[in-house]
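Visitor: These are the residues of each chain, in order.
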Amino acid sequence: MTDIAWIDLALASARPKALGALLRYFRDLDTAEEAFQEACLRAIRTWPEKGPPRDPTAWLIFVGRNSGIDAVRKRSKLQALPDEDTISDTEDAESGIAERLDDSNYRDDILRLLFICCHPDLPATQQIALALRIVSGLSVQQIARAFLVSESAMEQRITRAKARVAKAGVPFETPSPQERAERLSIVSTMIYLIFNEGYSQADPKHEAAAFSDEAIRLGRLMLHIFPSEPELMGLLALMFLQISRRPARFSAEGEIVLLEDQDRSLWNQLFINEALALLDKALRHRQPGPYQLQAAIAAIHSRAKRAEDTDWTEIDLLYRALERVQPSPVVTLNRAVVVSKLHGPQEALDLIEPLAEKLGGYFYYHGLRGNLLKQLGRSGQAREAFDRAIALAQSAAEAAHIRHQIDKMQEEAAQPVAN
Amino acid sequence: MLYAILCYAHEETVFAWTQEEEAAVMEKLYAVQEPLAKSGKLGPVGRLMPTTAATTVRKGKDEPLVIDGPFAETKEALLGFYVVDFETLEEAVAFSKQLSAVNPGSTSYEIRPFYVFRPGDAAS
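Taken in order, these protein sequences are the chains called A and B.
At position 333 of the first sequence (counting the first as 1) the number is 333 in UniProt numbering, and the numbers step up by one without a gap.
At position 122 of the second sequence (counting the first as 1) the number is 122 in UniProt numbering, and the numbers step up by one without a gap.
Wrong hints could be hidden among the right ones.
Stated by the list, open to error - Quick list of in silico lysine to aspartate or glutamate cross-link-like pairs, EDC-like style, CA-CA up to 20 Å:
#: 1; chain 1: A; residue 1: K205; chain 2: B; residue 2: E110
#: 2; chain 1: A; residue 1: K408; chain 2: A; residue 2: E398
#: 3; chain 1: A; residue 1: K408; chain 2: A; residue 2: D280
#: 4; chain 1: A; residue 1: K358; chain 2: A; residue 2: E308
#: 5; chain 1: B; residue 1: K38; chain 2: B; residue 2: E91
#: 6; chain 1: A; residue 1: K341; chain 2: A; residue 2: E357
#: 7; chain 1: B; residue 1: K28; chain 2: A; residue 2: E308
#: 8; chain 1: B; residue 1: K97; chain 2: B; residue 2: E110
#: 9; chain 1: A; residue 1: K205; chain 2: B; residue 2: E91
#: 10; chain 1: A; residue 1: K341; chain 2: A; residue 2: E308
#: 11; chain 1: B; residue 1: K97; chain 2: B; residue 2: D85
#: 12; chain 1: B; residue 1: K97; chain 2: A; residue 2: D3
#: 13; chain 1: A; residue 1: K74; chain 2: A; residue 2: D108
#: 14; chain 1: A; residue 1: K50; chain 2: A; residue 2: E34
#: 15; chain 1: A; residue 1: K205; chain 2: B; residue 2: E22
Stated by the list, open to error - If you anchor each label on the Cβ, the simulated ranges turn out as follows:
#: 16; chain 1: B; residue 1: T56; chain 2: A; residue 2: Q178; range: 23 to 31 Å
#: 17; chain 1: A; residue 1: P177; chain 2: B; residue 2: K59; range: 25 to 33 Å
#: 18; chain 1: A; residue 1: K358; chain 2: B; residue 2: R47; range: 27 to 35 Å
#: 19; chain 1: A; residue 1: P247; chain 2: B; residue 2: L48; range: 46 to 54 Å
#: 20; chain 1: A; residue 1: R303; chain 2: B; residue 2: R47; range: 44 to 52 Å
#: 21; chain 1: A; residue 1: H404; chain 2: B; residue 2: P119; range: 26 to 34 Å
#: 22; chain 1: A; residue 1: R303; chain 2: B; residue 2: K28; range: 28 to 36 Å
Since the hints were made in silico from the structure, they are not lab data.
Every residue, glycine too, gets a C-beta built ideally from N, C-alpha and C.
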């Protein structure tokens with residue numbers, strides 16, 4: 001890694017903390033962003049020569065704050081900013097700031113920064129775009145490419161989202177423990193949305209694929225400042241377990257490889273280990289929430305050396321717990337897969353038939369239904385279900401996967417039954 | 001004399017490395033370790049999971065408290081360690097300087113002489 005790459009990474013890591021603190025100080029998102037930008041430019045000029053400061057975040061806040069004040073002063077033609085050389089030695093103002101700015105100070109700043117991106121008036125795609133732009137500092141161009149829209153359209157979308165958030169007013173008072181918990185839960189949902197936006201991409205070189213890494217980074221950051229939140233441990237563990245399978249999820253031709261067919265030796269063991277450690281820690285709190293339960297389910301798959309070693313009974317129990325904590329037709333749909341493993345396709349089909357109305361527009365519903373009907377030998381109906389799934393597919397890989405199932409069904413039908 | 005060489009770094013940055021960045025750093029670190037390993041002086045090299053994966057048992061009033069993670073306020077965290085056998089501190093310092101030169105994530109390497117209570121065999 002070059003010095004510049006290293007500094008880029010350090011700036012990106014410091015961004016949420018520094019920007020959050022600057023937002024609290026200036027109470028205006030645009031001024032805070034400009035101030036942070038200016039501090040980064042100065043860091044790029046100063047750090048290669050003098051080496052990075054002991055606490056890069058405190059340095060950036062200090063310089064950003066001064067440059068923000070300076071910008072305001074310039075507008076009223078007052079005095080200039082002190083040179084950053086005077087603040088970048090070890091024994092200086094910055095270390096005093098660093099002592100005071102520990103993680104408990106950053107905690108509410110970062111949470112507020114993320115929270116304003118999840119404004120309920122904004123549709124999910126705008127929440128994600130705003131968070132990636134403001135908190136993660138991705139360029140408008142990067143975000144636009146990932147969402148397959150033009151740069152100017154994305155620029156407009158973000159500007160409008162920002163205006164809407166500003167109009168709604170940013171909550172600056174210290175949140176009560178209950179408000180904090182609510183914000184944390186909304187922010188966790190958004191982080192997981194960002195993760196999935198990237199994870200659903202088959203092509204690892206696609207712009208959006210990087211969103212998963214970004215979501216993990218935000219998840220790590222949140223857990224770092226809220227180290228005793230079992231659901232944050234669960235969220236991070238869940239993301240680790242899913243991303244550990246990234247190298248095995250698609251064939252060289254870009255086709256989806258189902259969990260049971262994946263080459264498990266390709267799973268990233270480092271991610272799995274950290275996930276299991278976090279999950280272990282989370283479960284000690286005895287407050288199982290949706291993320292912990294989903295992570296626990298994913299962990300059972302990760303622990304199975306071969307697909308046939310999977311402990312489906314345990315997974316079924318966890319899905320039942322998940323249905324209690326967070327009832328949703330999608331959870332029931334997922335449990336149906338387990339039921340088909342444990343009790344056969346007919347019972348699974350009975351479980352999902354009542355969901356037809358709620359999940360009629362959902363790709364996986366028809367995909368699973370087709371698969372179950374296929375197993376029951378009801379090929380005509382299976383074919384109909386697969387056709388509906390293809391019509392609802394969100395990506396070429398999804399459509400190709402279903403088409404593959406239809407082909408296999410036709411091949412099998414063409415085989416003589418005798419052997 | 002056995003020395004533990006402890007690597008401290010800003011974990012938020014180090015754990016944000018991409019796999020390629022990580023691999024590039026590891027390759028350089030292996031290059032530094034290799035001569036030592038060949039001479040039979042290199043003991044276990046450990047990577048610690050992030051502090052968020054840690055649990056601390058601390059003396060409490062009545063019974064010990066179990067706390068999630070080390071103290072969150074730390075700027076740099078202990079992320080890994082080496083066990084090496086050197087004749088002198090000078091050698092340990094030289095080795096640590098080499099490690100430091102190729103590891104952009106490290107802020108410092110702490111050299112702590114130690115002696116073995118039990119060699120153990122968990123890792124072998």
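Visitor: Each hint should be assessed against the structure and marked as holding or not.
Guide: Now for the hints, and whether the structure bears them out:
no. : hint                          : result
1   : A:K205 <-> B:E110             : violated, 39 Å
2   : A:K408 <-> A:E398             : holds, 16 Å
3   : A:K408 <-> A:D280             : violated, 41 Å
4   : A:K358 <-> A:E308             : violated, 32 Å
5   : B:K38 <-> B:E91               : holds, 16 Å
6   : A:K341 <-> A:E357             : violated, 24 Å
7   : B:K28 <-> A:E308              : violated, 40 Å
8   : B:K97 <-> B:E110              : holds, 11 Å
9   : A:K205 <-> B:E91              : violated, 44 Å
10  : A:K341 <-> A:E308             : holds, 10 Å
11  : B:K97 <-> B:D85               : holds, 16 Å
12  : B:K97 <-> A:D3                : holds, 17 Å
13  : A:K74 <-> A:D108              : violated, 30 Å
14  : A:K50 <-> A:E34               : violated, 24 Å
15  : A:K205 <-> B:E22              : holds, 18 Å
16  : B:T56 <-> A:Q178: 23 to 31 Å  : holds, 27 Å
17  : A:P177 <-> B:K59: 25 to 33 Å  : holds, 27 Å
18  : A:K358 <-> B:R47: 27 to 35 Å  : violated, 46 Å
19  : A:P247 <-> B:L48: 46 to 54 Å  : violated, 24 Å
20  : A:R303 <-> B:R47: 44 to 52 Å  : violated, 21 Å
21  : A:H404 <-> B:P119: 26 to 34 Å : violated, 54 Å
22  : A:R303 <-> B:K28: 28 to 36 Å  : holds, 34 Å
Comparing the model with each earlier hint shows violations of hints 1, 3, 4, 6, 7, 9, 13, 14, 18, 19, 20 and 21; every other hint is respected.
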